[in-house]
Every structure is written in C-alpha cells, then in structure tokens.
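Protein sequence lines correspond, in order, to chains A and B. So for the first sequence, my numbering puts the first residue at 1; every next one is plus one. So for the second sequence, my numbering puts the first residue at 1; every next one is plus one.
A couple of the hints might just be wrong.
[Said to hold, decoys possible] For lysine-lysine, the following PhoX-like pairs were computed, each having C-alpha atoms within a straight-line distance of at most 25 angstroms:
#	chain 1	residue 1	chain 2	residue 2
1	B	K85	A	K221
2	A	K371	B	K85
3	A	K109	A	K331
[Unchecked claim] Distance windows between CB atoms, simulated:
#	chain 1	residue 1	chain 2	residue 2	range
4	A	A308	B	G145	34 to 44 angstroms
5	B	I123	A	A176	37 to 47 angstroms
6	B	L284	A	D343	53 to 63 angstroms
7	A	K221	B	A31	54 to 64 angstroms
8	A	P364	B	L284	39 to 49 angstroms
9	A	E172	B	P168	23 to 33 angstroms
10	A	E319	B	G107	37 to 47 angstroms
11	A	K371	B	L46	23 to 33 angstroms
12	B	L91	A	A176	24 to 34 angstroms
13	B	A30	A	P297	40 to 50 angstroms
Keep in mind the hints are simulated off the structure, nothing from the lab. A quick note: this is a predicted structure, and the numbers were derived from the prediction, not measured. Here a beta-carbon is modelled for each residue, glycine too, at the ideal position from N, C-alpha and C.
Okay, here's what each chain looks like letter by letter:
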Amino acid sequence: MQFDRRSLLRYSAAAGALGLAGPLAGPALAAREKELNILCWEGYNSDEVLDPFRRSTSADVSAESGTSDPDMINKLRAGEVNVWDVINVNQPWARDEMWPEGLIKPLPKDRFEPFFADMMAPFNENYKWCYSEDGANLLGIIQRFGPFNFVVNTDKVSRATAEDEGFNLFNEASNAGRFGILTYDNWNIFHMCIGAGLDPFVPHSEAEIAAFEKTARAWFKGAKLKTDDLVAMNLALINGEIDFYLTGGTYTASPARLDGSTNIRGITPKKGPLAGGKGGITWVEVTSVVNNPQVSPLAYDFLEYVQAPEVSHAVAFAEGTYNPVTQMGNKEVFDLFSSEELDAIQWDSLEEELSNTVDYQINPDYEVMDKIYNAAKREA
Amino acid sequence: MTAATESTLSDSTRPAPRPQRRLRNPGLLAALPVLIFLALAFAAPLLAVLGYSFMPEGTFDFTFPPTIENYHTVFSGSYYISFVKSLGLALVTVALLMVICWPIAYGMAKIFGRWANLMTLAIVIPLFVSENIRLFGWVLFLIKGGVLLGSLQTWLGIEAESILYDVPAIVLGLVYVYLPFTLFPMVLGISMVSREVTEAAFDMGASRWQVFREVELPLAMPGILIGGLLTFILSLGSLAESKILGGQAVIMIADEIETAFTFGQNWPLGSALSVLLILFSGTLVITLLNWVDLDRILGRGRDD
Chain A
1 MQFDRRSLLR YSAAAGALGL AGPLAGPALA AREKELNILC WEGYNSDEVL DPFRRSTSAD
61 VSAESGTSDP DMINKLRAGE VNVWDVINVN QPWARDEMWP EGLIKPLPKD RFEPFFADMM
121 APFNENYKWC YSEDGANLLG IIQRFGPFNF VVNTDKVSRA TAEDEGFNLF NEASNAGRFG
181 ILTYDNWNIF HMCIGAGLDP FVPHSEAEIA AFEKTARAWF KGAKLKTDDL VAMNLALING
241 EIDFYLTGGT YTASPARLDG STNIRGITPK KGPLAGGKGG ITWVEVTSVV NNPQVSPLAY
301 DFLEYVQAPE VSHAVAFAEG TYNPVTQMGN KEVFDLFSSE ELDAIQWDSL EEELSNTVDY
361 QINPDYEVMD KIYNAAKREA
Chain B
1 MTAATESTLS DSTRPAPRPQ RRLRNPGLLA ALPVLIFLAL AFAAPLLAVL GYSFMPEGTF
61 DFTFPPTIEN YHTVFSGSYY ISFVKSLGLA LVTVALLMVI CWPIAYGMAK IFGRWANLMT
121 LAIVIPLFVS ENIRLFGWVL FLIKGGVLLG SLQTWLGIEA ESILYDVPAI VLGLVYVYLP
181 FTLFPMVLGI SMVSREVTEA AFDMGASRWQ VFREVELPLA MPGILIGGLL TFILSLGSLA
241 ESKILGGQAV IMIADEIETA FTFGQNWPLG SALSVLLILF SGTLVITLLN WVDLDRILGR
301 GRDD
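Build the full structure now, drawing on both the sequences and the hints.
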C-alpha cells in the first residue's frame, strides 16, 4: 500500500485513459474464457495464490490491489465493470452498496453455500454480509478476516491494561508523544469515534461530530509519528520510538510477530461505545463476482479454487501481512498452520477478540468526518 | 551573406527545377508520431485532471455541469498550510544544496581531475536503488537503537533522542535525495568557467571573493539555475521524505493530493489541488526562465 509520485501519475494517466477509452472499451472485450481480472486487497494478487491457478487453467490472470474499499469500488462505478471479473473488499460493501447499485452478480447457491459449513463460527451459519438484505441472493464468499483496533508493545503496556483501557489510552494527556497513527484514514476515523465515545456506524449529531473533531485534533497533536507504512510503524514500535499505535491488529502486527517480535500485539478493547457495549471492530473480506457484461467464467472457478486447503493457507500467509482465514474451521486447513504461524496471527486470543468486536460497517458521516480528519492532520 | 540572398542568387543562376511533388510541411509530418504520442500520453491525462477539477465533489466522470466548488474548498480551507510548508521546505532544500554542492562541484570540475569520475560514479550508483529503500536505510540509521544511536549507547554510553519524525529529518531526506539534481548541473556550469578568465581576473588584481562573485558565479549561473530549479520543483512535489523520515510532521501538498484521490475518493478535489500545484510551479519556472534569459547567459541569441 505504498504510494509515491509515480502511483499518483499512474492515477492521473488512468483517469485520462478512462476518459478517452471508456466508450470504446466495451466491444473490445470478447471471448474471455482464458482471461481473469481480479481487483483485491494485497495477498490475492501474490504469485503463491495465483500461479497454481494460472497453471491449471492456462489463463491470463491479472490482479490489482487498491488503497481502500471505496477506492476499488469507485473503479467499478467509474465504468470499469467491463474490465474486472472478481472484486474482494470488506464486508459491508457487497450487501449495502455494490449489490443495490448492480455492480456485482449473485453466486450460484448450490455451488458455493456448501463451503460455509466447514468455516469457523460465527461465519458458518448464514453470515449476513454474504447475502442480500432479503436473504435471497448469495453475494460473495468469505476468507480472510481479523480484529483491527490498536497495537501495543507488551513490554511497555501489558495486554490486560491495554484491553481494559481501550482507546482511552490515546486520550490520556500523559501518553502524548508515546504513540503513532497508522494513517489508514477510514479506520482512523472509526477509532477516533470510539475514542470520543461514539459508535462510528450510526448517523451523528452536530455535538457528536464536534466531539469527534476534538478527539481527532488531540490525537494528531499527541502522535509522535504518522505513516501509512505498517513496516515503518512496527519498526518504531519495536525500537521504542513509540509504545503503541492506533489502527492496527492481526493484519499489521503479524509480520513483526512472525519475525520473532512477539511483544508486538494487536489489542481488542474489552468494552466500548459500539453496539452491545463492544469496543472493537473486525473486518472480513467478501469476494464477489463483478457484474461484467462479459464476465469471465473463470471468476466462479477462482472463488472455488481459493477454498482449497493449500490455497487457503497461501491466502492467509501471502506476502506482506498474515491473517486468519474462516476456512480454519476445517481441520484439514488448520493442520497446515505451524505453531509459529498460529502465534503470529494471535490464534490464542482470536475467539475472545472476535466476541468483543462488531463487524466493520459503513460510516454514514464519512465524508464530513474525512474533511475534519484531514484538516486536523494538516493543522496539528 | 545571409542564407536568403544566397538561395535567391543560386536559384536565378540554376535552370528551373523540374516540377515534383513536395511535402508542404515535412517537419510537421515527421514530428506527427511524437506529437500524437505526447498528446495521448502527456496532454490527455493533464487535460483530464483539469476537467475533473471543475466537476462536483466526489464524482467520477465528466458529465456534470462545471463548478468551481473544488477551488473554493481549497481556498477556504487550511490547504494553504500544506502549500506554504511544501514551499518552505523546497526553498530550504535548494538553499542548503547550493551551499553544500558548490565546493563539491568546484572540486569535481576544477580540482579532482580523474578522481571526479569516481565521485560521479559514487553519487550516481545509489540512484539505481529505489528512493523509498534509500530513505528507509536512513530510518534504520537514525532510529532509536539503530546504527547511530545504538552504537553511541553501546560504545560510549551516550543516550540521545533521534531526529526522526520531525522537520529536520525531512530536510535531511530532501537534501540527500536531491543532491545529484543540484550537483551535476552545477558541475557543468562551473566547467563552463574557463581558467583563462579567472586567471585574467586575478592578474588584474581581483580578490578571491571578487573572482567568485563577479566571474565564477555569473558564468556558472546556467548550471546553478537549472540545478536549483530542478531541485525546487522536485522537492515541492515530494512525498516520501515527509512520510518515511518525517513521520508526516509536515503534510506535503503531494500528500494532500494523494489522500484526495485515495482515501478521500474525491478526484475533483485532488485534481483542483494538482492543477494549482502545476500552475504554481509552471508560472514560477516560466517567470524565472524569462527573467534570467538563459540564451544570453549561455552567450547565444541577442548578442550575436
């Protein structure tokens, strides 16, 4: 998820090309039996995951990752539905936006529903984010997931203290200069809401938005460093530049843990202002088939292929970050994980952490809060 | 004799040429492939950015009536902070690099002889490594417990705070990354100052300072200007130094543009910021180049 001037130029070039080629792109795509284009979070685009599929199908498979869920979905909205076949984003988007907007196709239930039976609880029984609101259509299939809240160096702050204090850790004035902010903007906004005692997933009053702003400004002022690079953030945590950072979890702590820094730990607060008094959020990726007028038939085969035990393990431990997969409910999949790998993804506390979290949902006030967030960051 | 009179004379003495089909504008025709390529690969994306900057907030195509709301957002918000800070950092970088590079460039052009090639190589080779990786190397060097502070503590028992995640670290990164862009044009500039001219100045009683100010500096000016301009524009649009070394202590304008295009999903706002940055840098370059008149400095054009 690194961005530099080159990627910005690429964006501009893509925007230009889109303007020119948009109307022409449709008829150019025909006979796509041997071609598959995947829009996904990093990991699904790794060679470990894609190469065996390329070999078995002799297809031309390409995959691209984005910086955020809306970033990928807006590509479809901007006319790229006739480019992509598969889209992999976090749980709320398929059901709440992509399906109502006609950007994705339903999956054949008889082919894909049986896969859920082998998944971990609570994903094994009609996981609501995989279905349309009326329950009639299966919109996607799930695999990677993880609690995503904050990360501490347990040599400096114990797990128990961190779990009890929750995001108040960042509110305490004495902790200014001790923490970093991993700038995944949308997640920071969720966590700043929690820090302000708000549920980010409901509409907010003006007073609540003001409370959010106060927290955002205080946290940016107190942050010793801000970066969107999880490696740089983990390095600062390991070397003692900071003692904890917000917006993080198994996804960001696991690479450091697998490298032996098991004092780096993702924390899920025990309680908080979220629905049911919960204090943390979990993301679950839902992979869907794009409503491409000439969708590649390989899209469905790919969704089936990633369910296989070896591929599930490869997806969990693809390059960059390591995450649990729902398929670990199946013993055959679980047995492929070594004890070091299980420790890296905090298997010991995973069930407990899941029970203290709610699902990632769409923040109805994201646009307003994003503006406040960026002003606070700039003016800190 | 001018080229025009020569051709008139020769035309009148030669028999009339046989009528043949000639390309009316062969230059344009030959340049056409490059022009088409530039129009598609260079102008079209810029035009798209310009077009988006007049679309309503958060939209993704050009079908809406144009609006200036994005520019209003930029001017009414606190984006000026990012513009001013980026500008300040770019100016400081250029000023520091001028001072740092002059002695090195002077040495490379006039003193080091064949060692200058080795120096060039030593400065160029790191450019083959990605900028991000080189900056990350600096993080490993400067971080608490890293190469510098770790060694100080282990060997001398000195405990010091790192300079990472603040403005000095960003300046260090900018100076380090853009040094070659100032240095090499400056070396070319200084090598244009002939030894005879400086010797003549000394013979006529000029002091070292006078030779520097009145002979070397003006004669090396094209190289200094080009290097300075290149460094200024690159620093103004920089991103990685603030992100990797500076812990985003300063939000650079390029960072704001990236955020608008990615997390903000507000292409029109990102486009408006880009257009303003391009306009600002473009105006600056054109004004400066008009003002200094490179042709005159290079000894071509008007004086002939």
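Here is how each hint holds up against the structure:
As the CA atoms of K85/B and K221/A are separated by approximately 17 angstroms, the hinted pair is consistent with the 25 angstroms bound. This hinted pair checks out: K371/A and K85/B have alpha carbons roughly 20 angstroms apart, not beyond 25 angstroms. Restraint check for K109/A and K331/A: satisfied, since their Cα atoms lie roughly 24 angstroms apart, inside the 25 angstroms limit. Separated by about 43 angstroms at the C-beta atoms, A308/A and G145/B satisfy the suggested range of 34 to 44 angstroms.
A hinted range of 37 to 47 angstroms holds for the C-beta pair I123/B and A176/A, which are about 41 angstroms apart. Between L284/B and D343/A the CB atoms are about 55 angstroms apart, so this pair conforms to the stated range of 53 to 63 angstroms. A beta carbon spacing of about 55 angstroms between K221/A and A31/B agrees with the range 54 to 64 angstroms that was offered as a hint. Against the hinted window of 39 to 49 angstroms, the Cβ-Cβ separation of P364/A and L284/B comes to about 43 angstroms, which satisfies the hint.
Between E172/A and P168/B the beta carbon distance is about 28 angstroms. The supplied range of 23 to 33 angstroms therefore holds. For E319/A paired with G107/B, a C-beta distance near 45 angstroms keeps the hint of 37 to 47 angstroms intact. The supplied range of 23 to 33 angstroms is met by K371/A and L46/B, whose beta-carbon atoms lie about 26 angstroms from each other. Between L91/B and A176/A the C-beta distance comes to about 31 angstroms, which sits within the given range of 24 to 34 angstroms.
Judged by the Cβ atoms, the range 40 to 50 angstroms given for A30/B and P297/A holds: they are separated by roughly 48 angstroms.
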